[in-house]
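*Asks:* Can you make the complete structure from the sequences, with help from the hints?
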Amino acid sequence: MSVDITSIDPYIRQFAVARSLLPGAGFAWLDAKRDAAIKRFGSNGFPTAKVEAWKFTNLNPLTQTTFHNVVVPSQPALTKAALAPYRLTPDCHLVVFVNGQFRPDLSALDHVPDGTRVVGLGDADEDDLHALIAPPSVAADSRARSLLDLNTAFMNDGAVVHLGRGAVLDPVQLLFVAIPDSAPLAFQPRNLIRAEAGSSATVLETYVSLGVGAYWTNVVTQIAIAPNAILRHYKLQAEGGSAFHVAATSVRLERQAAYRMFAVSLGAELGRNEFDIDLAATDATARLAGVTLACDAQHLDTTIRIDHSKPRGTSSQEFRSVVAGHAHAVFQGRIRVAPDAQKTDARQSSRNLLLSAAAAADTKPELEILADDVKCSHGATVGDLDRDALFYLQARGVDEADARSILIDAFLNELIEGIGGQAARAYFRRACDSWLAKGSRP
Amino acid sequence: MTATQQTIESLRSLQGDYKYGFITDIESDFAPKGLNEDTVRFISAKKEEPQWLLDWRLKAFSIWQQTQEREPTWARVTYPKIDYQEIYYYAAPKRSKQPGSLDEVDPELLRTYEKLGIPLGERAALAGIAVDAVFDSISVATTFQGRLKELGIIFCPISEAVREHPELVRRYLGSVVPYSDNFFATLNSAVFSDGSFVYVPPGVHCPMELSTYFRINAKNSGQFERTLIIADKGSYVSYLEGCTAPMRDENQLHAAVVELVALEDAEIRYATVQNWYPGDKNGKGGIYNFVTKRGACRGARSRISWTQVETGSAITWKYPSVILQGDESVGKFHSVAVTNNWQQADTGTKMIHIGRNTRSTIISKGISAGHGQNTYRGLVRIQARAEGARNYSQCDSLLIGSQCGGHTVPYIEVKNRTARVEHEATTSKISDDQLFYCRQRGMSTEEAVTTIVNGFCREVLQNLPMEFAVEAQKLLGVSLEGSVG
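The listed protein sequences correspond, in order, to chains A and B. Residue numbers for the first sequence follow our numbering, beginning at 4 and rising by one. Residue numbers for the second sequence follow our numbering, beginning at 18 and rising by one.
A hint or two may mislead.
Using 20 Å as the maximum straight-line C-alpha spacing, the simulated EDC-like pairs for lysine to aspartate or glutamate come out as follows [claimed, not checked]: (1) A:K346 with B:E65; (2) A:K378 with B:E441; (3) A:K441 with A:D286; (4) B:K298 with B:D266; (5) A:K378 with B:D450; (6) A:K83 with A:D94; (7) B:K301 with B:D266; (8) B:K63 with B:E177; (9) A:K53 with B:D72; (10) B:K367 with A:E55; (11) A:K378 with B:D198; (12) A:K53 with B:D198; (13) A:K53 with B:E88.
Part of the chain B face toward chain A, derived, beta carbon under 10 Å [unchecked claim]: (14) Q390; (15) N408; (16) C412; (17) I417; (18) S419; (19) G423; (20) Y428; (21) T444.
Calculated from the structure, these hints are not laboratory results. No residue lacks a Cβ here, since even glycine has one placed at the ideal position from N, Cα and C.
*Replies:* This is how it looks when you write it as structure tokens:
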């Protein structure tokens, strides 16, 4: 396959300049990894629709602009007060990144409990770097991971959250703030969350923009959850309207580890939220849920691959989208059950509401089952609101507009209700409510 | 010993064999081995075809040549590279002239069909089925042509249709599956030898089931038949297709194309019981079944339904599809696919909703046993203009044994908000509870397994014409014999 040179060339040239300035430069092994990654990116290019995992998401709008990776960024002036509306709670632990760079002056990490460590990538030790660079254990076409390679080459900051044995960290928020510049910028954060045996944590990732303009967040998050540890992972993607957001999260679960994830995606012109989950040991549990709210010309994609590698794993995926304007929502979910992963219980559901004539939804719930003693199911629906339900409400004197919003609200609430933490539940409800209020109406 | 292991044991003791694996010793005409432009010309000349058809074949061949390196690889099947120059593209039983009646057909051939249980003679009258029998590359006998003719129905080998009804063939051939469609359809367009042609005139309800029986006999030959069915306004036809092949150690290629056209208010029901030789217990031999089947609901309120029972072939690669162009047209796909031993099946459907208020239903049941790999791959696309379109899909997989795999890959693309699309899928094994329940009531384990499997497939088998339903049920039993687990 021929690769579009004009779109990738600028990044290869930027890398040549940035190489010696990136964190960890000088570690020969890391330099080699970065060199190999940029080489792969150079030969694979941006994923095209011909790469199966990107069939529904066309990156052309992204490749038409050259984004600048800023290795030594300016430090835009910002006050803590300006960030207050985006905080989970006024007193939660907070790690702030502005234009991809860690800002201790805006963060709140004074009271991080004993046994836990929350630092920027600049303070990561070599061990952390090794874990950060570990390739995802879920198999995929290397061309599908081209942007992950680009991140590996350019990663220059990010959060390292380390939980010692039995430690409890509840909650910590990673707040990524973009302040668009006249030139389009690219941010390539790389986060690491390591939960040692028996630990427990809640981590919220938030992506917001202060200002208008194009930029590109290409974030990679690596998560390792040791036996009996539990991680609650939340994510709010509320990037600016002309932004691009591509996120790849890979999670590896050990014996009896548990991972709970809830994501709301409502920002960016083009967004993709990708998860690779490996239930690498017995009795692990992964529950993922999320809501996509798309309007105008947005294109929002959720792609999930779950590998059941060992017996007695449980996984569930419950994703819903509300699509208005001429927006486009994509859901791709794959469950793979390895030959010896008996007694697996895996469920998946994708429900999509189309609110306007030009809205579109593509969904591809996929099962790949190589063990027989399993319970696997998936379901998908696409359509408008239930006409009978609308009629029921209208027959009781609710006008159509109100009836519609009641039903949309209920559709989303069913998932939001399932969020464990009260603060997080309120946080996401606020985000959804303000989206619904600002003109989701067709 | 667990119930599963008992099943293994008891099924192993039964050890069913492929009943249709015999070889008919008959003299055959072959085209020279291999494929080049001369092969295409040879086949066309053999069939005494008009120039336009030869040109059409040659266009297909030149496209196939250009794309030769692009054999599709997206399906979940693995097989060694096919050497397209090692295949005979034309093999026909020798005979002096076209048989005028059944009495003139080589008795050896009639005996073959007798063994296969295909009614070509008197029994056909009793069964009430008109049969077109295709042996390797050519059609050997078509029954009931006279009676159908009275109604204006044309049912004949496609090579005959090219001579007798060129205007119909020329108008519709390639109109649903163009010669550039995909690798295997393009190959078929270049070298297709025979197949059935059906035309049902406006308002005619075809009074009997039409049927084609395909048999691959010659060694190292490929079969490339092409079927074209046209149901004119307000007509109805039900069509059955069956297939078998001898047991050989080499893999044989079968790349067919089936095109259906339903005009206003017409209905076509197409049923297949595919029982090509699946290869032996160790996965040696068997047919590579790479088939393109597609129907077009051209007119308003037209209906097309595909029902398939896929138990044979080493590899099955087929996606019978419906293009729902006419308003209020209906597409249906009912499928049972069984893979045992080392069989691989990647099958499913495409429902393309273009017209308003179009409806489609997909029911797919995959059963894997032994080392079998069974994939459902399907597309439901609702285009922007398809107001009020409706789809319901259900794909269930049953796994028997721990070495097999069952996979589901549905694509759902919706561009109209008034559409309602629902998809459900499950994967499970035969539960120990179900087995226990049956055993407790005095059934043997193998009876219990057969009963449960038949229950699992019931929705699909119900859609088959009665004669086929009985055969299909038996086939399911045979196909699963010796399954591990």
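*Asks:* Confirm or reject each hint.
*Replies:* Comparing the hints with the structure gives:
1. With a CA separation close to 62 Å, the supplied pair K346 (chain A) and E65 (chain B) exceeds the 20 Å bound.
2. A distance of roughly 14 Å separates the Cα atoms of K378 (chain A) and E441 (chain B); the hinted pair therefore holds under the 20 Å criterion.
3. The hinted pair formed by K441 (chain A) and D286 (chain A) fails the criterion: a straight-line CA distance of about 43 Å is larger than 20 Å.
4. Proximity of K298 (chain B) to D266 (chain B) is assessed by CA-CA distance (about 12 Å); at most 20 Å being required, the pair is judged to hold.
5. A distance of roughly 15 Å separates the Cα atoms of K378 (chain A) and D450 (chain B); the hinted pair therefore holds under the 20 Å criterion.
6. Between K83 (chain A) and D94 (chain A), the direct Cα distance comes to roughly 12 Å. Compliance with the 20 Å bound is thereby established for this hinted pair.
7. Distance check on the hinted pair: K301 (chain B) and D266 (chain B) sit about 6 Å apart at the alpha-carbon level, within 20 Å; holds.
8. Between K63 (chain B) and E177 (chain B) the CA atoms are separated by roughly 12 Å; this keeps the pair inside 20 Å, and the hint holds.
9. Between K53 (chain A) and D72 (chain B), the direct Cα distance comes to roughly 32 Å. Violation of the 20 Å bound is thereby established for this hinted pair.
10. At roughly 17 Å between alpha-carbon atoms, K367 (chain B) and E55 (chain A) fall within 20 Å of each other, so this suggested pair holds.
11. At roughly 38 Å between alpha-carbon atoms, K378 (chain A) and D198 (chain B) are farther apart than 20 Å, so this suggested pair is violated.
12. Annotation: proposed proximity of K53 (chain A) to D198 (chain B) holds, straight-line Cα distance about 18 Å (limit 20 Å).
13. Restraint check for K53 (chain A) and E88 (chain B): the C-alpha separation of about 15 Å stays at or below 20 Å, so the hint holds.
14. The beta carbon of Q390 (chain B) is positioned within 10 Å of a beta carbon in chain A (closest approach about 9 Å), and the interface hint is therefore held.
15. About 9 Å separates the beta-carbon of N408 (chain B) from the nearest beta-carbon of chain A, less than 10 Å, and the hint is met.
16. With its C-beta approaching chain A no nearer than about 9 Å, C412 (chain B) sits inside the 10 Å limit, and its interface hint holds.
17. Because the closest C-beta pair between I417 (chain B) and chain A is about 7 Å apart, less than 10 Å, the hint holds.
18. Checking S419 (chain B) against chain A by beta carbon gives a least distance of about 5 Å; that is within 10 Å, so the hint holds.
19. The closest approach between the C-beta of G423 (chain B) and any C-beta of chain A is roughly 5 Å, which is under the 10 Å cut-off, so the hint is satisfied.
20. Hint status for Y428 (chain B): holds, given a least beta-carbon distance of 5 Å to chain A, under 10 Å.
21. A least Cβ separation of about 4 Å between T444 (chain B) and chain A falls short of the 10 Å threshold, and the interface hint therefore holds.
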